[in-house]
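Asker: Which chain is which? The protein sequence lines are H and P, in order. Quick note: the first sequence, position 125, residue 125 per my numbering, numbers continuous. Quick note: the second sequence, position 65, residue 1065 per my numbering, numbers continuous.
It is worth saying that the hints were derived from the structure and are not from the lab. Where is the CB? At the ideal position from N, CA and C, for every residue including glycine. Be careful, since some hints might not be right.
[Stated by the list, open to error] Selected chain P positions facing chain H (in silico; Cβ < 8 Å): (1) D1038; (2) I1116; (3) T1117; (4) N1119; (5) L1122; (6) V1236; (7) Y1254; (8) G1257; (9) L1414.
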Amino acid sequence: MQDIFTKSMARNIYYGGSLFFILLFLVLTFDTHRTLPERDNRENLTEQVAQGKRLWEENNCVGCHTLLGEGAYFAPELGNVYKRYGGKEGIKAFIQSRPAEGIPGRRSMPQFNFNDEELEAIAEFLKYASEIDTQNWPPNIQG
Amino acid sequence: MQYPSQNVARLYFMAAIGLFVVQIVFGLIMGLQYVVGDFLFPAIPFNVARMVHTNLLIVWLLFGFMGASYYLVPEEAGRDLYSPGLAKLMFWVFLIAGALTIVGYLAVPYATLAKITGNSLLPTMGREFLEQPWITKVGIVIVALAFLFNVGMTVLTGRKTVVTMVLLTGLTGLALLFLFSFYNPDNLVLDKYYWWWVVHLWVEGVWELILAAILAFVLIKTTGVDREVIEKWLYVIIAMTLITGIIGTGHHYYWIGTPAYWQWLGSIFSALEPIPFFVMVLFAFNTINQRKREHPNKVTVLWAMGTAVMAFLGAGVWGFMHTLAPVNYYTHGTQITAAHGHMAFFGAYAMVVMTIISYAVPIMRGQDAKGNRMQVMEMWSFWLMTVSMVFITLFLTGAGILQTYLQRYTDTPLPFMIVQEKISLFYWMREAAGVVFLIGAILFVLSFLPERKTSSSSTAG
Ligand code: HEC
Ligand code: HEM
Ligand code: HEM
Ligand SMILES: [Fe+2]
């Protein structure tokens, strides 16, 4: 065994294997880019949605919530909250109504003091996210 | 210690362990917020504590990797470090940039931090693990480049060993992949697609090279086993890592708007990702069994074995548990993920950094190993941390199974917040295990305090 499988064979597998799979990964990435327009809901990616995404980022919503299953596990999944709340109004009302001092004993979400335009942008962003084709994930409306 | 310049590693190791302890404190804060929802609210909201926790983790591991490199590269290359001055300078740059960023997280609301650091010029903030303002990210790149230059010049003008070449490949990959943190398109799917090029290709790609190289170095030194043998193992491990791990990225492309074929590719290749971790276990145990000498630093050998085993459990076993697409459909983004994330990060990367610290620090102090008493204390810290991390993982797994069932699997799924209340017992138990973990970490620090001269195996202070 020691002699049949030599160090240089192991090294060649490392170089050859890595190179092959890096290239394959790049090809798959290229193909993913090609087919993405069918499922990533880019037709609804408006200026407003982009603004909503920026607000999402600049308030670190992902530090408590998951979005399409990625982020933190402290608060509800928001990729489908647009569907769970049946529209934008409920989302906006929820965000707006957070008490600044939190809710005693309950996991709390900050009061961000968004203006109407910002609220609308965030809600639009969450609507856009909910329309991405996620292969039917999450399994049900609870996220 | 063969070369005086190896000593710069000490600074890096001290910073690493100091930040590690702070990281755990913030973990405990969050653990309490999980069950006492308004704890420290609104002073330290959960998301802020989480950023501090995860960013400190990354920063201290990077300190650890850099310290490890500054220690082992001169020895492997057979010459002093190219520029110890640059290494020291970069240490302070990194420490200050890191500290300022953490203070920024804690001192002002995140949106304010985004504004004053000009996030609108180059929006990169607000994505998990990559929350740093772009100035900090640029700082990280500068530090990484200076570091690679320093270490690279040392290797290029000295002896090139397989260990250093693998280490350098891993570190270069780390720096290059980090550049994707600057790419943040408005398109959420693309954003997520390339976000994983940093996160997944780090921990299941290039970092594994760093891990294997550090482990190999420590095993060569403590067992005296022939380099040829060790190098062959090393190649097998890193070959399997990249062959499985690159396409294995697909296990994050199941439900984020990417094509369905990733479910097949991701499942098949990531199901093979435990192999390199398993080979690492064989490697560690075989090498130690065939040792040519008894190294006086027994606790380092314990760390080395522990790293291999815990990395296999956390990454290999707990990773496999939720990596097949039909399983991941239910477990995606639940406490199962958190359970795996904890044991994998601890078992692979936290432990390998503690392995090299355990090996190198006594030598930098002019001894082969610490005295018996301090070694025993360090062994206690090993067991306390390891066992409590196993329990943290088990409790989170219990929470995760229940969460998955109640919220996703039953015919009458319950809302997230209701489910969280039902499983709060598990979070309490996790918190208790976390306190034990903290005690273990503190013991680790204490075991490196200067000892009295009476100890057996030390040669001088
Ligand atoms: C500090 C943690 C935290 C942060 C940061 C945070 N949230 Fe929340 N969020 C929560 C918690 C906790 C709940 C559940 C509250 C409850 O049910 O009482 C919640 C609930 C929600 C809900 C309702 C979800 C549902 O299914 O009922 C929406 C919508 C929401 N958050 C949006 C946001 C947005 C948008 C941001 C960023 C601007 C954000 N959150 C930032 C903690 C947070
Ligand atoms: C010992 C006490 C610890 C406690 C109580 C703790 C608690 C937590 C909590 C509550 C979270 C957030 C989970 C969420 O998003 O809802 C978290 C995240 C995380 N922690 Fe810890 N932690 C501890 C130690 C550690 C250690 C030692 C490590 C690694 C060495 C670590 C690595 C991580 C990582 C990687 C994440 C992000 C996980 C993910 O995104 O899935 N933690 N921790
Ligand atoms: C040392 C190596 C590893 C580390 C440090 C690690 C760490 C992590 C972390 C922190 C996450 C959470 C990311 C997030 O916040 O969304 C994660 C997710 C994941 N990991 Fe790992 N991991 C490792 C190896 C593996 C391996 C070998 C496998 C497979 C066999 C695996 C399978 C997964 C899967 C499937 C997810 C996604 C979970 C989800 O859908 O929520 N990991 N890993
Ligand atoms: Fe992964």
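Asker: Look at each hint and say if it fits the structure.
Answerer: Structure-based check of each hint:
1. D1038: holds (4 Å)
2. I1116: Since the shortest Cβ distance to chain H is 12 Å, the answer is violated.
3. T1117: violated (11 Å)
4. N1119: Holds. Min distance 6 Å.
5. L1122: Interface hint status for L1122 (chain P): violated (12 Å vs cutoff 8 Å).
6. V1236: holds (5 Å)
7. Y1254: Given a least distance of 7 Å, the restraint on Y1254 (chain P) holds.
8. G1257: Since the shortest Cβ distance to chain H is 4 Å, the answer is holds.
9. L1414: At about 7 Å, which falls below the 8 Å cut-off, the nearest Cβ of chain H leaves the hint on L1414 (chain P) intact, so it holds.
Going down the numbered hints, you'll see the structure goes against 2, 3 and 5, while the others check out.
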